[in-house]
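K.L.:
Based on these hints, arrange chain B on the given structure of chain A.
Those protein sequences? They're chains A and B, same order as listed. So my numbering is basically just the index in the first sequence, starting at one, shifted up by 718. So my numbering is basically just the index in the second sequence, starting at one, shifted up by 1.
Among these hints, one or two may not hold up.
Computed from the model, here is a short list of chain A residues facing chain B with C-beta under 7 angstroms [to be verified]:
| no. | residue |
| --- | --- |
| 1 | F801 |
| 2 | F807 |
| 3 | Y818 |
| 4 | G819 |
| 5 | F822 |
| 6 | P826 |
| 7 | D829 |
| 8 | V935 |
| 9 | P938 |
| 10 | T1002 |
| 11 | L1029 |
Since the hints were made in silico from the structure, they are not lab data. Cβ coordinates follow ideal geometry from the N, Cα and C atoms, glycine included.
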Amino acid sequence: MTTPGVEIEGLTVGYDDVTALDDVSLSVTDGEFFTLVGPSGCGKTTTLRSIAGLESPDRGTVSIGGRGVTGEPPEDRETGIVFQNYALFPHMSVRENVAYGLQFRDSPARDDDERVTELLELVEVADLADRDPDQLSGGQQQRVALARALAPEPAVLLLDEPLSALDAQLRQRLRVQIKRIQSELGITTVYVTHDQAEALAISDRVAVMREGRVEQVATPETVYREPATRFVAEFVGDNNVFDGVVAPDGMRATVGDAAIALPADSDRDRGESVAVAVRPEAITVGRDGSDTAATERTVFLRATVETVEFLGDAYRVHCEWQGRTLVVKTDADEPPAGEVALRVDPADVRAL
Amino acid sequence: MDARVDRLALPVGVIATLATLLVVFYYPVGSVLVGAVRAGGQLSLVPLRAVLGDPFYADLFGFTAYQALLSTVASVLVGLPGAYLLARFEFPGRRFLRSVTILPFVLPSIMVAVGFLAMFGRTGLFNDLLAVVGLGPVELTFTLEIIVLAHAFYNAPLVTRLVTAAWESVDARRVETARTLGASPLVAFRDVVAPQLLPALLTAAVLTFLFTFMSFPIVLALGGLEFATVEVWLFARVRDLALTEAATLGAIETALSLGLIYVYLRFEAMQLRAGGGSRSIGREPLLAGWRSLLDPRRLALLCYGGVVLVLFVGPLASLVVESVTTPEGQFTTDYYAFLLAQQASAATGTVQPVPAITNSLLFAAGALVLALPMGVVVSVVAARETRGSRVAEALLTAPLAVSGIVLGLGMLRTLVFGTELFGHRLTVTGPVAIVAAHAVAGYPFVTRTVTPALRAIDDRLVDAARSLGASRTTALLDVELPLIAAALVAGAAFAVAISIGEFDTTVLLAEGVDSATMPVALERYTGNRSLGPNLGPATAMGTVLLAVTTVSFVVIDRVGGRWER
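Chain A extracted, bound-state conformation (with noise of 0.2 angstroms):
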């Protein structure tokens, strides 16, 4: 964790009255893969733009592979973008597109052709190279932008929602191609996307941001099992948020006439308010009481199918429960109907 990659400092971006970006401060090591992901408008383009020199910010500074590089305008930066609409040049073939870059380098032209070829087997379209960007599909069309974006060898990759434009099969496909051309490359990639499924699969860390701030910066597996706010584990993932008041004995959170006890390592005080969230997977359906499983600290909680969805190798189930929607996934054979008790137990249970 010690080489420099790209870092962020204290980055401020305000357009007219609106704050895009608000103290933001992020550090990217070395050849990892980092995402950025939230909603539209949380700030996570305008974060990879201010890394690329596109955008200038109000305040903070950028540096990448140590030097600083804030103010210098974005040809002396040595980043590769990748947009979202691939934003190929339409007056150029393929192969002109991918050797563009290289004309800013000294480099022998010889040189240029041999790695335009290189970099257009690497993803896969060498056989396009005298193609025009408009007769490629989408798929083509961005890994020929990937394509181009590497051929200068820049000291960090930018992917700005590559795989958005894209069908949903084609997207998984190109992603663990990306995926495993930045490990053979060991390139430094900031990732932007608005899919969180897509930020967990793909990366070494994960910066989850909303309105502006960086809300968590984890491993996707942290992000996923132990969320850091509420909105992170509302938004990455399937969850069951509800919001709650520390019971007396400060063990359990009352949720509608339900205790739900809290994980043993939470530190609440009784009577504040809390909320808890609950997987679905960690949910069971199962019949009252019955398991033999079960310690004290389970909850048992009456609810009623309302809907179900089948995914093939699950089913996910929605609830009702005392007012309240709750999403349970089972990999039961049948669809459960009717009255269901669902059983949670403490360690599955997140206090936010």
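P.N.:
For chain B alone, coordinates are given in the frame of chain A:
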């Protein structure tokens, strides 16, 4: 260094463009307006009262508005079926027809006037056609009818063009939704399509009224002083050097046209722009076997085709035919020989053809050199931001409100007769003023062609180029310029065509015979029958003009907007 060029280029261009416009447009026109409220060096309402209180002028304005109204009605009647045909039917040549609707913009009006004389004159093709079916002859020369027809020739394509575009922008899914909700085709048309066509139709009608209100060469050549409009009378007053009266007339006319421009802009703003992903309503094949000809709609369109042939193809074809035909119907090249002959012996005061052609080309080259950078600068401002685009829109629309005669009068008063500046008397020669006037007339066309091309360029293309190592200027040269190159060529062709065809200002500024252009020569030949027994020399000169403007049109049509998406 490079960064400094990046930052300074645009402001310098903007200042240079504004300064040019100020000197060659706003200052001259302003002097005309001021001239209308001055008498004896003092602010005075006397000139305005003199004109407004004179029943002769009331009649003049009344007639001008009346013929403009008739022309507008005729243009809408001729133009609307065209929009229906182009928007709703598929047939070979549809795209060509659609692009031909911009042709009138580049056809010199004095040439069209000569074409109308050739077509609808006593010995013209129209009377020959009537004779075939046992009718006629009809005498249309120097009538209101021929003026209105010629105005329809110019403005019906405008109606067709604007309404077709609006029709194509109607999202088919809206119509389909209405149909599934229970609307019959006719009701769906009334409730969904018509409300979207109406603003386009009103826009076209107001523009037509404005153009025909200020129409000059058509009325001059086809109506003479008998059917004088404000513009023709204005011209006559300037010729007689009654400059104060002319200025007053010009000021009133400009005020009226500014009002019309305001209405035009309001209607234009009402038009809906097609959102992304909208799908146009599908077209029916125009002909599907002989049986389909029995369909009344198709039968009506067939008749419409006949009208179009007579009204649009007729004058241009007659122009060409007359230029190689003697009054006895023999083939001749005498008229072209006349054009090429160096008439050393010609009486003074006669416009010589070869110098006129040379002048036209020189002025066009000069106007292009001025108009292209001006137009591009305004485009860049317009494409950058919304506020800039509003200012640009105002700059571009202002020349529409000022007639060529008023601009010419203003230039005479200020630049040509001389202006006192810091104790020096500055005068500009006629040719320089002509080039400036042509540039002012041409640059809005450059901007209107280039702006959509610039807007269509995704900002991210430049972002991508810059992060790959290109400076702002390099990105401009490598990415933006190649993508607007086609539009630039089309804009240049427009500017050249406008300059070659410009008559109104030129005829005032080219008072001597030395700086006459092709359109001016054409008008002289039409008026002066001593040169030949018929329209011969005029039609020959007209045919040359037609050839030049057709080349411009082909350039605009073939290369223009290739990258517009």
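K.L.:
Look at each hint and say if it fits the structure.
P.N.:
Hint-by-hint comparison with the structure:
| no. | hint | in the structure |
| --- | --- | --- |
| 1 | F801 | holds (5 angstroms) |
| 2 | F807 | holds (6 angstroms) |
| 3 | Y818 | holds (6 angstroms) |
| 4 | G819 | holds (3 angstroms) |
| 5 | F822 | holds (3 angstroms) |
| 6 | P826 | violated (17 angstroms) |
| 7 | D829 | violated (16 angstroms) |
| 8 | V935 | violated (24 angstroms) |
| 9 | P938 | violated (27 angstroms) |
| 10 | T1002 | violated (45 angstroms) |
| 11 | L1029 | violated (30 angstroms) |
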